[in-house]
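Novice: So the sequence lines, in the order shown, correspond to chains C and B.
In this text, residue positions in the first sequence follow this note's numbering: the first is 1, and each later residue adds one.
In this text, residue positions in the second sequence follow this note's numbering: the first is 1, and each later residue adds one.
Take the hints with a grain of salt, since some may be wrong.
[Said to hold, decoys possible] Quick list of in silico lysine-lysine cross-link-like pairs, DSSO-like style, CA-CA up to 30 angstroms:
id, chain 1, residue 1, chain 2, residue 2
1, B, 120, C, 123
2, C, 157, B, 120
3, C, 222, B, 84
4, C, 123, C, 157
5, B, 86, C, 234
6, C, 228, C, 119
7, C, 245, C, 191
8, C, 186, C, 76
9, B, 120, C, 228
10, C, 234, C, 71
11, C, 48, C, 35
12, C, 48, C, 71
13, C, 186, B, 120
14, B, 84, C, 224
[Stated by the list, open to error] Which chain C residues stay away from chain B? Per the calculated CB distances, all over 10 angstroms, these:
id, residue
15, 31
16, 74
17, 103
18, 109
[To be verified] Some chain B residues judged to face chain C by a derived CB distance under 8 angstroms, without partners named:
id, residue
19, 88
20, 90
21, 93
22, 132
To be clear, the hints were calculated from the coordinates, so they are not data collected in a lab.
Given the structure is predicted, the values throughout are model-derived calculations rather than measurements.
Yeah, the Cβ is synthetic: ideal placement off N, Cα and C, and Gly gets one too.
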Amino acid sequence: MLNVRLISNSRWWHKKKNWILFAIFLFLFFVRISKGSIYKDFYYFVSKPFWPGKFQKEIIVESLEKEYFIKLHLLKKDNVRLRETLNLQESYSDTISAAVISRKTGSWWRQIILNKGSKAGVKIGSSVIGPGGLLGRINSTTSYTSTVRLLTSPESKVGVWVDRIQRNGLLIGSADNYPNLILYSKDADIKVGDFVSSSPASTLLPPNLPIGIVESVVEPFKAKKMAKILLLAKPNAIDWVQILKEK
Amino acid sequence: MKNLSMIFFLFVPIIFLWHPSWLGILDIQPYWPLFWLLPWSMISGSINGLISGLFLGLILDSITLDGIFTQIPGLVICGFWFGKIKIHRDTFVGHFRYGLICSIGSFLCGTLFILQIFLKNVSDRNFLMFIPSIQNILAEVFLTGLFAPLICSQLLRIFQSSRRKI
């Protein structure tokens, strides 16, 4: 009887060490199934203090900004030289900052009035830009104010450029917030999301000013293709604008 | 009466330019000139209303850009029509009448304006793209009808009381 008891005490499940080994095995099995997620998360917290810090990020961003600035400067110089060679209209050189003192951005009359007029050197026909891109052109000036005809005004017509398909078009305001782009070609492959800027061939606007993106394309009608444009600059929310002084 | 109404007359282009966005729907405002034109014409008669409509139209055209399109026809017709309307004895019914009359007036002015845009663009067959702008008329009609009972009845009361004093 005593012998039987000794045998039963020596079974493997009576040993604590075996259970510990079994637990470790289960843990490792779980780690294997979870593809090491616990290790990875553990590594995340352990290595966090040694990550590339904010300071390092700032250095990289600053270097990138410098690089872009130099590239932009070189491209601008190239652009001016090529434009002179091709006898195209030159880009703007200087800007006048002005505040919006009245805005009518709904209904039929779509205009903003600025607090700078002819005394500040504002001229009729100058382009007006805000955060996002082109807003419109100066339509009239007084000594101390100037009135901007917005791109959404039913009277507004400007030449634009669709970069992806390399085509010129006409942007016509239609008294709603989405002016119409007309391409005088039935086969123009215009798509939603295409970027629209001022035309490099335009005599009214400085070239390459961002205007908007194509929001929807209307079915072609009599050798024309039309699209609705979502403007990048929002005149109903802008308080300060830049008037471009042409050379 | 004349002094007070002239002061209010001067406020019309100011509020037209001010364009308080918190009062609008879809960035569209009520058609402000009608709020002054209705009480003035009801008191002063059709001919005076017609002349006031013309003057208002001239001022508003001068402060808006679109020189080709004019607000004068709509305001002249409204001024003449408003002059024919008699003041209702029941003030409560009167309030709602102002709303309805101003809504119809706003619809008339908006329709005459969009017709000018259509006519200008009919030659190059682009006029169809202006159809979405009909929403301007609808929003303007609604807002004008909403504010007219409040503003017109107050202005009418002020104009009448100042007239009695004279």
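Novice: Each hint should be assessed against the structure and marked as holding or not.
Specialist: Here is what the structure says about each hint:
no.	hint	in the structure
1	120/B - 123/C	27 angstroms, holds
2	157/C - 120/B	14 angstroms, holds
3	222/C - 84/B	48 angstroms, violated
4	123/C - 157/C	18 angstroms, holds
5	86/B - 234/C	45 angstroms, violated
6	228/C - 119/C	37 angstroms, violated
7	245/C - 191/C	33 angstroms, violated
8	186/C - 76/C	35 angstroms, violated
9	120/B - 228/C	21 angstroms, holds
10	234/C - 71/C	29 angstroms, holds
11	48/C - 35/C	21 angstroms, holds
12	48/C - 71/C	35 angstroms, violated
13	186/C - 120/B	24 angstroms, holds
14	84/B - 224/C	49 angstroms, violated
15	31	59 angstroms, holds
16	74	40 angstroms, holds
17	103	6 angstroms, violated
18	109	4 angstroms, violated
19	88	30 angstroms, violated
20	90	33 angstroms, violated
21	93	30 angstroms, violated
22	132	5 angstroms, holds
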